[in-house]
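K.L.:
Protein sequence lines, in the order shown, are assigned to chains H, C and Y.
Here the working numbering is used: the first residue of the first sequence is 4, the next is one more, and so on.
Here the working numbering is used: the first residue of the second sequence is 4, the next is one more, and so on.
Here the working numbering is used: the first residue of the third sequence is 4, the next is one more, and so on.
Just so you know, the hints here were simulated from the structure itself, not pulled from any lab data.
Not one of these hints is a red herring.
Put simply, identical chains are the same to the list, so a pair is met inside one copy or across any two.
Calculated cross-link-like contacts (lysine-lysine; reagent style DSBU-like; alpha-carbon spacing at most 35 angstroms):
1) 296 to 333
2) 225 to 48
3) 73 to 9
4) 296 to 73
5) 9 to 225
6) 317 to 248
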Amino acid sequence: MPRTLKEIAQVVSGDVTGDANAVITGVAGIEDAQEGDITFLANPKYQAFLPRTRATAVIVGRDVRDAAGKTLLRVDNPSLAFTRVVSFIHPQDMRHPSGVHAAAVVSPGAALGRNVGIGACAVVEEGCRIGDNTVIYPNCFIGRNAVIGSNTIIYSNVSVREDVRIGNNVIIHAGTVVGSDGFGFVTVDGTHHKIPQTGTVVIEDDVEIGANCAIDRARFDKTVIGKGTKLDNMVHIAHNVVTGKNCLIVAQVGISGSTTIGDNVILAGQVGVVGHVTIGNNTIVMAKSGISKNVPENSVFYGVPAQPVNEAKKLHAYVNSLPKMHQALKDLKERVAKLETKL
Amino acid sequence: MPRTLKEIAQVVSGDVTGDANAVITGVAGIEDAQEGDITFLANPKYQAFLPRTRATAVIVGRDVRDAAGKTLLRVDNPSLAFTRVVSFIHPQDMRHPSGVHAAAVVSPGAALGRNVGIGACAVVEEGCRIGDNTVIYPNCFIGRNAVIGSNTIIYSNVSVREDVRIGNNVIIHAGTVVGSDGFGFVTVDGTHHKIPQTGTVVIEDDVEIGANCAIDRARFDKTVIGKGTKLDNMVHIAHNVVTGKNCLIVAQVGISGSTTIGDNVILAGQVGVVGHVTIGNNTIVMAKSGISKNVPENSVFYGVPAQPVNEAKKLHAYVNSLPKMHQALKDLKERVAKLETKL
Amino acid sequence: MPRTLKEIAQVVSGDVTGDANAVITGVAGIEDAQEGDITFLANPKYQAFLPRTRATAVIVGRDVRDAAGKTLLRVDNPSLAFTRVVSFIHPQDMRHPSGVHAAAVVSPGAALGRNVGIGACAVVEEGCRIGDNTVIYPNCFIGRNAVIGSNTIIYSNVSVREDVRIGNNVIIHAGTVVGSDGFGFVTVDGTHHKIPQTGTVVIEDDVEIGANCAIDRARFDKTVIGKGTKLDNMVHIAHNVVTGKNCLIVAQVGISGSTTIGDNVILAGQVGVVGHVTIGNNTIVMAKSGISKNVPENSVFYGVPAQPVNEAKKLHAYVNSLPKMHQALKDLKERVAKLETKL
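Can you build the whole structure from these sequences, using the hints too?
P.N.:
Below, the structure written as structure tokens:
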């Protein structure tokens, strides 16, 4: 919903420097912001972005002096103010399915909270518990005894297998599968015998999961997606993986069985992680990398197999200099041959 | 439907050199064709493929003299003739769902064209408009106000979110998701706040999208798949991506947000493309490559990060020669040591 | 179901060395086993794992002398005994949908065996044949004339296109698509004309397919997944691919059109294979590799493009030694310069 900067300033008790009648239509980070957006500058070390942002207005701390020609909204706490502004400009849009559709198939043995929306042809099996204000879109399947919290949105054609637990304020995009069997076999004389996967999956609060992901249930115990972690589309999470809180796992990443991911980890697009390793807190793995062993916290890794990014880039530069090295070696051979002739 | 070469010749006003009673059961490119196929030779530069093709007959221009022992069908315009032959041999097979199934759930507020087929348990929400002769298979979800053109086929378990626009003659294979939220967050004090994705997706005419793909809606504005572009299975298209016309995007490719792809671009299997870059017209990116910056038009790129293919292959050859270089360096050291001893 | 070791010993006619009252709750391979698991040692060459396993008990041959402090269950044939123990500890759990749900949409022209379970909102079209004891979960689509064997489980939101054939004892996880069109076009003057994909898919007995996979139908003839082969999540199988028996194809692998995979092949996570090649029996391709040509049997390949793993690792070591080589070259240049000065 478009808002004037003046309206926004009232909500966050801020002061406008510049055009208070400017109309704000969206929110974005300082680098991605376009005209019409409001953004924020929480950390003075990003001050350099201020003159370059295309945002119509920037929320800053009261100590920021130089407006760099930008319209500013000065507040006590820019981060906190920004989160308020997000929900002020984009109030929750309630056009999701509401009520239980006549063509939904909800077991009488399922317990629904208040104001639950269940779309047509969604199937909710017995023993399920679904919290207040949660929405389940058409054609979903919610298996026996699954528990889903409050204020959660599950888009169409999602499959949630039996016994899975999903928290509050979770968003699961269409086509995703939660609780499929882990990939576990014991091979006897060439035949692969299935190891029953008797564990489950726990999706903690505030998680968002993209479209067409697959999150396998644990062999024993549970596969966990930690609070506030966000998965992009087509992410594969194998059995017994545990991710920490507030991770960003970008599209087409695959994490193999029993691997543990710390808090605030970023795995960029198409990264693969082997099984039974640990990635430390705050670590970033760059796109297309392959993690083959434990990665310490606070590091940046790159490559296949992944190395610390500085080493990977140094080696990459050496590879790029191979034609020069090859030529240098050739030149040197000739000089040595001449010396040998002289002696 | 099997056809004799004589029947085909009549449809395209062509002349047969060879067995006019040969039975043709399929169509294919000149390299892939098998016995029973008809293929075509539009460009004389591919003449070398003529003797090697396994096709039963080849459509060629009237100027082609050397039959190379093959059965030829000479026509004025081989390309045009071939497209006519494709639909003559494979006339549209009308075994798709027809009519609105009694178990479909179509909102009274949706507008259906003539001869629309909607399968059982498909859900079409209010405000949708669906063009003539379009088919929606069972268990699809078509969200509020989505617009779908004519002669389009949407296979089972596809999810089309609200407001998405899909053109004419489009094919979307089973399990695909169109219009899921883009992956966009603003991180404030470690917590990822969702940036509402208020744009949409536009699928232009003649597009084909494989199974289990995900095409995200734009943050603002629209994500676009250009006219005639074909996506294989499990392709990920992030928010605000715009692809040109007649691209081929092979299986498991991922394209990050706000990237622009030109016309006639080929992205081979498992390619990844970072966000906010441009790939020029007619460019080919080879399998498994990672595109990390803009790519000019008419180029062929390969590697992670991708380079022009000739440079990539040259460097690869140097890497393969490393054992030799290592040995050469060792030999040289010995020769220098001898020289030093002598002096 | 937890069992004492004594109960297990009776089933396999074995003798316990150690605590026969130990309670076993699961099965696993010797390296992955945890407390409460039973595992097995079939091949004496894995004897070294015995002291290290965390399993509560180990099934061994009668010739194993050294218990290494472990509780053993001695039997005539450890492999055979182990497979019996798997089904003894995890008897088939019959909580799947049973009977045809009132909200399922089964064509009167479909033939169901005895004891078939079909969930709510599953759609089974005319001409389908479904074998005894097979279970189809809610919201699946089974297209016209598809044939599904006995004792097969198809989880929710799976799409099986027309004419596909699926064997006995098959498991297909949620969201998977079997029988989508292959990605085949003939490009005429820049426009991609669809090549009709008139073949089918055959899934042989004892196959397991993960969540959100896509297996394309053949252009002609058939795409085949061989008996006993297991696919993890999000695997892409293109048209006319034929896999052998007892392969393990790990998550996010993509196999391009008309490629043939031998028996007992392992393709690790995120591997890509080009079209029209053959991978020999018993070969292992390591994670993230790209196969660009035929691979002989009994080999281990790694890299992009993939090479025999020993060569790939050797080259990788050379690349890692590039900084040293660079320094050695520099030192040598200085020594040669000195020699030149002296002469």
